[in-house]
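Enquirer: Here's the letter readout for the chains.
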Amino acid sequence: EAEVAQSPRYKITEKSQAVAFWCDPISGHATLYWYRQILGQGPELLVQFQDESVVDDSQLPKDRFSAERLKGVDSTLKIQPAELGDSAMYLCASSLGLAGEHIQYFGAGTRLSVL
Amino acid sequence: SQQGEEDPQALSIQEGENATMNCSYKTSINNLQWYRQNSGRGLVHLILIRSNEREKHSGRLRVTLDTSKKSSSLLITASRAADTASYFCATDVSGSARQLTFGSGTQLTVLP
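Chains A and B supply the protein sequences, listed in that same order.
The first sequence maps to residues 3 to 117 in the numbering used here.
The second sequence maps to residues 1270 to 1381 in the numbering used here.
Keep in mind that the hints are not guaranteed to be accurate.
Subject to a maximum C-alpha distance of 20 Å in a straight line, what follows is the list of computed SDA-like cross-link-like pairs (lysine to any residue) [as the list claims (entries may be wrong)]: (1) K1295(B) to E46(A); (2) K1338(B) to R1323(B); (3) K13(A) to R1310(B); (4) K1325(B) to H104(A); (5) K1295(B) to Q43(A); (6) K1295(B) to E3(A); (7) K1325(B) to I105(A).
Hints listed in this document are in silico derivations from the structure and should not be mistaken for laboratory results.
From just these sequences and the hints, can you work out the full model?
Expert: Below is the structure:
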């Protein structure tokens, strides 16, 4: 069964360092999402791509976060510099992008700890 | 911001009992979905109910939707220890760009 791949699974970094997360969606899925999930809460959307284009990055803290999906397939989310408050689970999801009834498929996530 | 509020925040039951979780939301929706998340893992889609549907079943899952009250419930019958997880409702909001807005989740613990 096809899965969304994410790496690394865990990342520990010191504040002010740069970190990067990678996501490979299910083949053929045009829409890719990055979420941040704080412990005990639901996922919150950071950025949404349709193919290689950003559809929505209104909740992305652009002073320190960046995301790209250059060839419309895999994607990278970067934080520079990391802050203590960035400690969270970062989830990637993909969907076919069909209107009206889209289901999202999630990767296992990257757990980030900023010390 | 999170559109859905789930109730209860945490639920602990014995194996074999039924578990009911509720979700309330604020705006008009195309559909409402329920996802499950095991500890430290990603979310897994469970079931989708369209705005013109009132009830849907899938195996041991039963979902209801009341659009007049902007609420939904998820019933898990004959629960098992393996059902222990967090459960999230997610709304596909009318007019949104194929986005889901997730609730805060219910942590279900099924005791053997």
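Enquirer: What are the numbers of the hints the structure violates, in ascending order?
Expert: As far as the earlier hints go, only 6 is violated by this structure.
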